[in-house]
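J.: Letter by letter, the chains look like this.
There are 4 protein chains.
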Amino acid sequence: SPALSPAASARARVVHCTLKTDSRRRELAPLIPDVMSSNGSVVLAYSGGLHTSCILVWLKEQGYDVTAYLANTGQKEDFEEARKKAPKLGIKKVFTEGVSREFVEEFIWPATQSSSLYEDSYLLGTSLTRPCTARKQVEIPQREGAKLCVWFELTCYSLAPRIKVIAPWRMPEFYNQFKGCSDLTEYTKQHGIPIPVTPKNPWNMDENLMHISYEAGIPEDPQEPSASRSLQEDPGPAKAPNTPDILEIEFKKGVLLKVTNTSLALFMYLNEVTGKHCVGRIDIVENCFIGMKSRGIYETPAGTILYHAHLDTETFTMDWEVRKIKQGLGLKCAELVYTGFWHSPECEFVCHFIAKSQERVERKVQVSLFKDQVYILGWESPRSLYKEELVSMNVHGDYELIDATGFININSLRLKEYHHLQSKVTAK
Amino acid sequence: SPALSPAASARARVVHCTLKTDSRRRELAPLIPDVMSSNGSVVLAYSGGLHTSCILVWLKEQGYDVTAYLANTGQKEDFEEARKKAPKLGIKKVFTEGVSREFVEEFIWPATQSSSLYEDSYLLGTSLTRPCTARKQVEIPQREGAKLCVWFELTCYSLAPRIKVIAPWRMPEFYNQFKGCSDLTEYTKQHGIPIPVTPKNPWNMDENLMHISYEAGIPEDPQEPSASRSLQEDPGPAKAPNTPDILEIEFKKGVLLKVTNTSLALFMYLNEVTGKHCVGRIDIVENCFIGMKSRGIYETPAGTILYHAHLDTETFTMDWEVRKIKQGLGLKCAELVYTGFWHSPECEFVCHFIAKSQERVERKVQVSLFKDQVYILGWESPRSLYKEELVSMNVHGDYELIDATGFININSLRLKEYHHLQSKVTAK
Amino acid sequence: SPALSPAASARARVVHCTLKTDSRRRELAPLIPDVMSSNGSVVLAYSGGLHTSCILVWLKEQGYDVTAYLANTGQKEDFEEARKKAPKLGIKKVFTEGVSREFVEEFIWPATQSSSLYEDSYLLGTSLTRPCTARKQVEIPQREGAKLCVWFELTCYSLAPRIKVIAPWRMPEFYNQFKGCSDLTEYTKQHGIPIPVTPKNPWNMDENLMHISYEAGIPEDPQEPSASRSLQEDPGPAKAPNTPDILEIEFKKGVLLKVTNTSLALFMYLNEVTGKHCVGRIDIVENCFIGMKSRGIYETPAGTILYHAHLDTETFTMDWEVRKIKQGLGLKCAELVYTGFWHSPECEFVCHFIAKSQERVERKVQVSLFKDQVYILGWESPRSLYKEELVSMNVHGDYELIDATGFININSLRLKEYHHLQSKVTAK
Amino acid sequence: SPALSPAASARARVVHCTLKTDSRRRELAPLIPDVMSSNGSVVLAYSGGLHTSCILVWLKEQGYDVTAYLANTGQKEDFEEARKKAPKLGIKKVFTEGVSREFVEEFIWPATQSSSLYEDSYLLGTSLTRPCTARKQVEIPQREGAKLCVWFELTCYSLAPRIKVIAPWRMPEFYNQFKGCSDLTEYTKQHGIPIPVTPKNPWNMDENLMHISYEAGIPEDPQEPSASRSLQEDPGPAKAPNTPDILEIEFKKGVLLKVTNTSLALFMYLNEVTGKHCVGRIDIVENCFIGMKSRGIYETPAGTILYHAHLDTETFTMDWEVRKIKQGLGLKCAELVYTGFWHSPECEFVCHFIAKSQERVERKVQVSLFKDQVYILGWESPRSLYKEELVSMNVHGDYELIDATGFININSLRLKEYHHLQSKVTAK
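Residue numbers (our numbering), protein chains in the order written: chain W, 806 to 1233; chain X, 806 to 1233; chain F, 806 to 1233; chain G, 806 to 1233.
Only chain W is shown next, with the shape it has when bound in the complex (with noise of 0.2 Å):
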């Protein structure tokens, strides 16, 4: 579920599973008695999944009133039959809020800008939805008069402390009923819990505008190879278009260029050309906030272009010291992004220091896409540090050859005297 704190997800993964019967869509009447409300309301980001909807129900059963809350950030869901459900489970009050547009200008770009790559791979795509789907989510009970929440807790404590989080998966009296999918499918059939049928696949997906992530089932076992499965099953690097596609990407502030479109259709448009050649497949094992190691399956198009594009971008444009600062600020932004600290002050304070290094970061980029590549073509850039003739030949440029002599007689002056004394100390 997109919805969980990191800390959360390695273990609530394994409720994730998969149904062997579909009983389920048998059309009941709500079976979920209407029991007294007396723990208060909650608000819960609801998916429409056997996980979420289990979690729903059992929280009525202990007497919450509970708002389910859609969020869309892009993944390709039935939102309208999630709706309709509802009442069947008893919820009187469902709130589905697009967040898409929020998602790429807010959260994305500036991950673009700051090259955050988590372990030097993972692009942040469940990460980045987290902070999002749940800055919204902290607004519902605010607005309804609730004082609970489920998941998200880093960000609603950050937002707004003084609502309480509630997280079933982490409380014994729900953990030890629901010990695995059997048991929450078992759930599902005692009180005529609607659920989509799912298929077969042994792996839960998890999709968002960013990416696509795989976990669960074989993905647990690494010696099973995923990448194999890409190129046999799946389409695949080895029957993507034996033809690259060439596109053109322009950069101003660090940011992709909206001339003609909205942030959210240039994003979309990119996922799609890009998915086209299988770029941006990842399968990596990666340490949890908790301090375990757990295996990702990850599949980030749009973003992977994005991120070779503007990395390139960025080197032609900006000052070499400044990059070097910078890109510390990025890995203290992938491990903040990663550990579910977006909304805290330190997060705020590198956001903003990347915004300000991305002042210049601006050009015009040709790139090829090509079986899982990504290849940079060509470029101009008004501000491009980047000089022709100061690398070539014929015009000298602010310096004299002769300069370097200097240079390098007094970088080692330190190298000397060190030789010296280590010589010195050795012949004693």
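Some hints could be false.
Given that identical chains are not distinguished, each listed pair holds provided it fits within a single copy or across any two copies.
Mimicking DSS-like on lysine-lysine, the simulated pairs with C-alpha atoms at most 25 Å apart in a straight line are [as the list claims (entries may be wrong)]:
{"id": "1", "residue 1": "LYS1221", "residue 2": "LYS1057"}
{"id": "2", "residue 1": "LYS1221", "residue 2": "LYS897"}
{"id": "3", "residue 1": "LYS1063", "residue 2": "LYS1081"}
{"id": "4", "residue 1": "LYS1161", "residue 2": "LYS1057"}
By construction, these hints were calculated from the structure, which means they are not laboratory data.
Computed from a predicted structure; not experimentally measured.
Assemble the complex: chain W is given as a structure, and chains X, F and G must be docked to it using the hints.
T.: Relative to the frame of chain W, chains X, F and G by itself:
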């Protein structure tokens, strides 16, 4: 030329160029007069090409007694021909040194361990060959009683500060005489200097075991695509095999395991197989030590597969916090190697740490190569800190789910206080 | 209590308090009934004070069989009296362990080498004593077949993960029973627990070889000056000797040289002489691991003189670039030690580096102590990289003055290009 | 001389020296012939001392038309006398610029905010005055149509790259002529250059608002104590007042609050009061930009009290994680300022962040000054993140004690796994 110190290479490249006519093949008797070598003996790393040949003759003219040194780091050069040419240029002593084994074991292995990537892209193929070649070169003047060297200043000053390095390309008397390729060509004609026929490609190619780099000519113009070249004239990924090759790679202490073979043979084998799939090509703009941006195109097949396989192995077997510290040291390592400080107290210090961090980096990993991509398939490791039971459902590991509640509450305590204060101050 | 893990100490301090009446000295027969010890054996680091005495008795009441452990890290406590009290509290086994020597050699020395200063001020006297005491404590349950410990969780879990740590002060059944000092006092009366007469100072003092820390009572109120206290009631700097003491200190490999004496005796001697001059008092607000800010007042005489003398020695003998890297690792080290991760792979990794960096840190240095200040007077070192001739006039060293011109020109090349571009873009 | 770029100062100091005889006071008519100024106009930062006076005359001899520039950054110099001397040296234009206010507000304040401490000791008094003086100097050639400057290369090249900087002390024609003090003295005699009587102290003193530094003469010999000097001849801490002075200092946005006074007056007042107590003297060996170690003795009274009061304020009011990031940037800032890169894109970038981090750094703090020590007494702040109730007993804050158990369990999960694996591998 691989023999340039970083600061020099940016400029010196301009002197590398191709000859239009091939008049220099005339087999003349040694025309270089044996002028009085009043300036002492100088050791010159010599490749037999246009540039080093001219410098050699020019040094003789300046009254130096020249000893030539040919270092073999795996480039496909005709060392025999270069040797034969020497007497014709008036050189009495020529040393050919094969340093490929040291290059792999003492330079490429530590670099692989450090995951050094200069500016997030470049695997440092040229930067690594310099300190290796230089270390051997420094031995020659000490052995032969010479007091002077050409090239490799930082290494020389670090390992043998009493030897003076001369850098003709930064001496006004040299660079005012040779303003460009035509001056060099004219000089070879005048002095009957034989130089090899150069194919008509417009860029200069530089090769060693680790990589091939291309520079000068078209590459200097950033609007000129380089990758399209690969995709059109060259075999390139488009024409790379349509079926993947699958390799099994084994690391011990972060180093490729030598079972039945030498490191060198293993690395050469990897270069061959990986190169076939066009893996490891980059075309970047990089920040030179002297503060300019310059363009580089590199092909690093074995280095690239090792980078990925090693990184993946490391994530599996290295503690998270240790890895974060090591990651920072890897950034520093890349910068030091790139700027020529391999032989320095700080690089020695950093490399010592990186080696220490590798003690448990041990794994067997299956890797698939396909169309310029490296995919990790499966793996097994006695040292893996990844624990399937911990992330899967039915076995509770070393912690209770409820622990995560306290973990998150404590982590958000600071966020809550910050928010409280912010609202209090804002409210005023 | 030195025995608290960092997270706990911030809270636990509130339980430390002084008793107004001294009714607990009544010499009663052991009143603690020998209840069935059904919960197994637990090892408790015990100081004989109010807090640990109550916990001890409470644990017995809960059905644990308690083994007491007294660690001597140099505090001026009456270990003999504490031992004698044990049988009266129903304890059969008491272990007293002197760990002062290990504390100095294995904990204080590496900390001195690292120049670890938490938040630019605190020399980590309490943080260092914990892993030392804990390492010894962990041996006891292993030796005695116990499965439980109190305190020192991170160290226990790192060195002996099979032992479970219980933390009464975080168990609702404990903290709901003991809401404050009066509850604890009442409890000692009821159970006839003898505790030492406490002087009427309003803060809690905690002492070990490295430092004395003061907390609770007045120190919690930040508007209450602590230093003024020193200057009024206490001898303080104002009454410190009006003539300086001058010491000669010698380092080898960054560690105080033991010539005629043991490390322990040397450190104790330094504490005495330095303390006389009121050196090393700080009164700070510090950020706790759990995200709160708390106040600490510390006196670290020998630690402070060593910090300064070592830092100065390091600047003399360590290469500049190595020192910059080491400085970053020192910051990390301070954070790890403060947050309780001394026994962790990352701290082991960092300490290994710091020890390596000290190989050449060797010098004899004269230090003057006067009114809370440490002045370095003079020094001599065979390893000094400071070279008087190089900075003085008449002897030219290893470089020509003109070299600096090239050095500066090359360093400013980047600045010029940046300026050119800025003006071009601004001009548009 | 405050006017030297860092690289230069290490060497240039050798030319600073005292004159034994005072023959140069003879009031001669201008002896400097008005040679043809064929080399163009040059702007020279001029102090009226031996060194700059000689350079001035020497530049005239070389055919330059010299404009003198006297920058007042708070040194106690006789500017009027220096002005009067100018015509006697053949100078037509003299500009005296008072930059004290800018120095405090635009250079010292940001440095205080950053807590910049070069090599853990030095508050950068000289390094800060250079970019301030230089920024003003750069305006003069632009205004006067000159194309040349002396000193301050990095700043000139950064702010006005079209102006060329000449550095006589690095030109062989200068340094071969002036090998030492006696040559300079001889030159003043020959040319009737009036220079001030210098007291007979053996070191060179350099003063500005921020600090006084001492170099050359005895200070070059590290075995010669400098502090003992303070304690013997000078008033020194031993003779400092025996009663403390107590000040109340208030910060807003990390900057000393100006209520009834200007920044400049506040800073000067602090210098006076603090200096009286001998606060802020250091005697260190520092690593110069050019790779040498050199010795510096500095007195920075107001800077030192502000450093401590600000640091303490920051710990109170700044989020922990933000402060850790800011701490790293502060280290970078100190390095940039010391090596002369104040006017650079990266320093601008870093200073922007530091200013941002100060938004909530606001507090009133009582500080006691006594015998070279600064003690923070009490404080109050509307922005304090320190919360007395949270650390004291009877009020439970925003968390339950039991939360810490989960926090510690999760934090030790990684340690347990690491241990398990280690023992498994070791057992084999």
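J.: Each hint needs a verdict: does it hold in this structure or not?
T.: Results for each hint:
1. LYS1221 x LYS1057: between (46 Å within a copy, 23 Å between copies)
2. LYS1221 x LYS897: neither (79 Å within a copy, 31 Å between copies)
3. LYS1063 x LYS1081: within (23 Å within a copy, 40 Å between copies)
4. LYS1161 x LYS1057: both (13 Å within a copy, 23 Å between copies)
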